[in-house]
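> If you want the building blocks of each chain, they are given just below.
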Amino acid sequence: MKRFSIGRLTLPAYSFLAMAFMLIPIVYTIVFSFNDSKQRTNTQWQGFTLDKWLGVCNKQEVCSALGNSIFIGVVSTLIATILGTALAIGLVRYKFKAKALVNLALFLPMATPEVVLGAGLAGLFFNAGVGAGMPTVIIAHVVFCLSFVVVTVKARVQTLDPVLEEAGRDLYANPSQVFWKITFPLLLPGIISAALLSFSLSFDDFIITYFNSGSVETFPKYVYVAAARGVPAEANVIASAVFLAAILIVLATQINGAFKRKRLAKK
Amino acid sequence: MAFAAFGSGSAKEHKSPTKSSRIVLALLMPGLVYLGLFFFTPLFSLVVTSLEAPAASGGIGEYEYGFQWQNYVEVVTTYMPQILRSFLYASIATIIALLVSYPLAYFIGVKLRTRPMLQRLMLVLVIAPFFISFLLRTIAWKQIFSDGGALMQFAYSTGLMDKSQHFLGTDAAVIFGLTYNFIPFMTLPLFTTLERFDVRLLEAGSDLYANPAAVFRKITLPLSMPGIISGTLLVFIPIAGDYVNAGQNFLGSSKTSMIGTIVDTEFLQTQNYPIASALSVMLMAVIVALVSLYVRSSGTEDLL
Numbered sequence: 001m002k003r004f005s006i007g008r009l010t011l012p013a014y015s016f017l018a019m020a021f022m023l024i025p026i027v028y029t030i031v032f033s034f035n036d037s038k039q040r041t042n043t044q045w046q047g048f049t050l051d052k053w054l055g056v057c058n059k060q061e062v063c064s065a066l067g068n069s070i071f072i073g074v075v076s077t078l079i080a081t082i083l084g085t086a087l088a089i090g091l092v093r094y095k096f097k098a099k100a101l102v103n104l105a106l107f108l109p110m111a112t113p114e115v116v117l118g119a120g121l122a123g124l125f126f127n128a129g130v131g132a133g134m135p136t137v138i139i140a141h142v143v144f145c146l147s148f149v150v151v152t153v154k155a156r157v158q159t160l161d162p163v164l165e166e167a168g169r170d171l172y173a174n175p176s177q178v179f180w181k182i183t184f185p186l187l188l189p190g191i192i193s194a195a196l197l198s199f200s201l202s203f204d205d206f207i208i209t210y211f212n213s214g215s216v217e218t219f220p221k222y223v224y225v226a227a228a229r230g231v232p233a234e235a236n237v238i239a240s241a242v243f244l245a246a247i248l249i250v251l252a253t254q255i256n257g258a259f260k261r262k263r264l265a266k267k
Numbered sequence: 001m002a003f004a005a006f007g008s009g010s011a012k013e014h015k016s017p018t019k020s021s022r023i024v025l026a027l028l029m030p031g032l033v034y035l036g037l038f039f040f041t042p043l044f045s046l047v048v049t050s051l052e053a054p055a056a057s058g059g060i061g062e063y064e065y066g067f068q069w070q071n072y073v074e075v076v077t078t079y080m081p082q083i084l085r086s087f088l089y090a091s092i093a094t095i096i097a098l099l100v101s102y103p104l105a106y107f108i109g110v111k112l113r114t115r116p117m118l119q120r121l122m123l124v125l126v127i128a129p130f131f132i133s134f135l136l137r138t139i140a141w142k143q144i145f146s147d148g149g150a151l152m153q154f155a156y157s158t159g160l161m162d163k164s165q166h167f168l169g170t171d172a173a174v175i176f177g178l179t180y181n182f183i184p185f186m187t188l189p190l191f192t193t194l195e196r197f198d199v200r201l202l203e204a205g206s207d208l209y210a211n212p213a214a215v216f217r218k219i220t221l222p223l224s225m226p227g228i229i230s231g232t233l234l235v236f237i238p239i240a241g242d243y244v245n246a247g248q249n250f251l252g253s254s255k256t257s258m259i260g261t262i263v264d265t266e267f268l269q270t271q272n273y274p275i276a277s278a279l280s281v282m283l284m285a286v287i288v289a290l291v292s293l294y295v296r297s298s299g300t301e302d303l304l
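So the sequences go chain by chain: A and B. Mapping of the first sequence onto this note's numbering: position 199 corresponds to residue 199, and the numbering continues sequentially without gaps. Mapping of the second sequence onto this note's numbering: position 117 corresponds to residue 117, and the numbering continues sequentially without gaps.
Heads up, a few of these hints could be off.
[As the list claims (entries may be wrong)] With a cut-off of at most 35 Å between alpha-carbon atoms, the simulated DSBU-like pairs for lysine-lysine come out as follows:
id, chain 1, residue 1, chain 2, residue 2
1, B, K218, A, K221
2, B, K111, A, K260
3, A, K95, A, K181
Read the hints as simulated data drawn from the structure, not as lab findings.
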């Protein structure tokens, strides 16, 4: 038996407290989505209501901003995931001279402050005479999502055993069959988590969007502008709904993964 | 189709080098061309714009090229407080984030190894803030710290703070918000490093009569360095460029403006593109210097 001591409990106690602290604003945001606030602002607790959840689209600006954010998120994630997966495979599976340079080129966008990329792209579009709008937002979002996709998929490609593909080739599968029947399904979990990461980055982006969206309203842009005069509870509803959906997806994939590992362990 | 071509070669066997280099090109080129067009060109265009002078026609927002290096002198002399403040905020917030995250990452990555389910749950909780709007999270803190809020009322009634004092709008409030918002970017790389950490080394250390402090200093800390360095970069860089937390409608005031605040105002409101660009180029130069220090010490393979 291990001797009981206060020291042994310090680290777990600290960790759970730190976690609880991290969750405070999340709980706050969700709780205030149920606030029966009559005014435009949502700062004082005025009683519980489901009205804001049920009538979230009564505030039309909130809902159309959400629609735009989802559209931008889906399109830029699609582009970033395709480009990024190809880059990840190329980087892990092949040897070439300029690899260090390519790694650096992919790291730099992650290391660039949003305001620099936002202003740079806005300047480029301005000089080229391209008006800011939906296409410019999507172009900008792909830039900062791409590197994160590469990092995530790369980790998955590294765990992939090339022997499996060799086996496929030995059984006379053509290159495209090898890719779609062996490589792609094995990479899929990595590709899915990369896409989820990319979507959440795009969905939550404010600064780069602010510089490049012109009159296109997104959800973060709506919240930023509303912050000056008070954010309505409907915004909390949307943020809470997105949060709960995301957590459910993540938990489902984690539990699914744990079960798979257990089954493998039994074999 | 790049993906189809991929099936014909693996890392181990490249029978015809020309063929494999064609595949590499097909895989890498689309992404790299994209970055060239929409990442490197904008950076280059910032440098060009930062050297522009007001156009002879004199219209607002109209500039022409003229090697106007004085723009940089103007930026440094006018905006020194904002430049210093940005890097000071970023340094303090990064140090606090490291101190807060390290024990947490150690607990999840090392102590929870024997309980994979709990470990996974804690990891999900670490990244949970990513799934709720960054702006709303910050607004939540603003309301928690507002003068009428329970926390401040408690501080006032116990005499911890005088009624004339406020927490919102201070340097401390902005640093608090910045630290909070970027802590997960520190915890995750630390966890990734500590998860692979071989605990048998700790036993070896204490078997050789090192006390716990010496074991930490000579074994745990050096082996955590990759995580510490990438966490530091991932926290410091976005904070140096952030201006939402410092904004007057969020946790800051007119006294907490940062580099990003100025770039936003100069670019989007006064349309002084050369000054906004010169500031951005300066910020980027500092970041590139930091990254190259990192690359020199650790190489590029661990960057991604």
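> For each hint, tell me whether it holds in the structure or not.
A quick look at each hint next to the structure:
1. Taken as a hint, the B/K218 and A/K221 pair is broken in the structure, with Cα atoms around 48 Å apart against an allowance of 35 Å.
2. Using a Cα cut-off of 35 Å, the hinted pair B/K111 and A/K260 holds, with the two alpha carbons roughly 23 Å apart.
3. Using a Cα cut-off of 35 Å, the hinted pair A/K95 and A/K181 holds, with the two alpha carbons roughly 24 Å apart.
In the structure shown, a violation is registered for the earlier hint numbered 1 alone.
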